[in-house]
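Sequences and hints are given; from them, build the entire structure.
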Amino acid sequence: MNKLKKGMVLVGALVITYVVFKILQPSRFGSLSSMFILLQQCMISVIMAYGTYFLLEMGAFDMTLGANAILSAIVGCRLSVIFGLPGLLIGALITGACLGLVNGIMTSKIKAPSMIISVGLVIIYESLGLVVMGGGSTLRIDSQFRGLGMAPWSIVISLMIAAIIFFLDRYTCFGVHVNAIGSSEPIARSMGININKTKITAFLISGVCAALMGVVNLCYNTTISAATNLSSTTTVFQPLMACMIGLAFKKHMNPIVAILLGSFFLALLQNGLLTNGLESSMQNIFVGVALLVVIKVTSNPRRYDVIK
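Each residue of the sequence shown is one higher than the last, beginning at 0 in numbering that gives the first Met the number 0.
If you're looking for bench data, these hints aren't it; they were derived computationally from the structure.
Incorrect hints may have been included.
FRET-style restraints, in silico, Cβ to Cβ [stated by the list, open to error]:
#1 Ser-183 <-> Arg-27: 46 to 54 Å
#2 Ser-136 <-> Ile-104: 31 to 39 Å
#3 Arg-27 <-> Met-190: 32 to 40 Å
#4 Asn-195 <-> Val-130: 40 to 48 Å
#5 Ala-150 <-> Ile-93: 21 to 29 Å
#6 Met-281 <-> Pro-25: 40 to 48 Å
#7 Val-80 <-> Thr-233: 27 to 35 Å
#8 Lys-110 <-> Pro-25: 55 to 63 Å
#9 Cys-172 <-> Gly-135: 20 to 28 Å
#10 Cys-97 <-> Ile-15: 38 to 46 Å
#11 Ile-109 <-> Thr-227: 20 to 28 Å
#12 Pro-25 <-> Arg-188: 50 to 58 Å
Note that CB positions come from ideal geometry on N, CA and C, so glycine has one too.
So this is what it looks like as structure tokens:
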């Protein structure tokens, strides 16, 4: 199977998924209005997926992104009452950047798997969210900010993040360093690449993306609640799977486009399963199987391959 054919696998999976569920539920699935709503939700989720791109490319893993998104949105919501839109955006983005920076420094200083470090930090960030909430169960954003979470602004923000990630990946030394570390960290170190600096920068970018996703999601839903008992980690799974699809297709198409298509494919699959009455556990099984099949079709060993 050549590069073009493998690149079309993801597009074909989208078309087949839509056609199958449209045949099964012609009146409940696939209307233009429902697909547009699904696209809006997908564009919110894909912001975090783009944030995880550099981390996964280097083999790092960050489970704090969901807690980061929630805590950043809570801080932004609090500050929006005092400072309006600048308080919402700047407060959330600074919070997300600081949390991402902490993650990067902790991962580089503590010689332990990033997943283990992430779990400990998730507990801390969720607890901080409860503190900032001030004892209330939910926070509500002012209706004047609702537009940030709706089309066209949510789509514009997502495409803006996609353009920035594409530029960093394709045209900067940082993108080259990330790709080299992902291919072989020992070889990258022998080439003089600062591994810790690159990883900390990647965590910083992921933190900012998580915060922005939290703000857009807050404006879309208008309310937010603090997370407890690691519940924030569920927010990470769909963006993480979309990013995995993007990396699986990196040899066959632009990974930034593949992440967006992968995110929409997962959203379309879940929506189709929901309209057919499947409970959440069965939905997860089908989504997991579909993810494995799509990645298997395109899988090739990429260790020690530098792909630009």
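Hint numbers contradicted by this structure: Numbers 3, 4, 6 and 9 - these are the hints that the structure violates, sorted from lowest upward.
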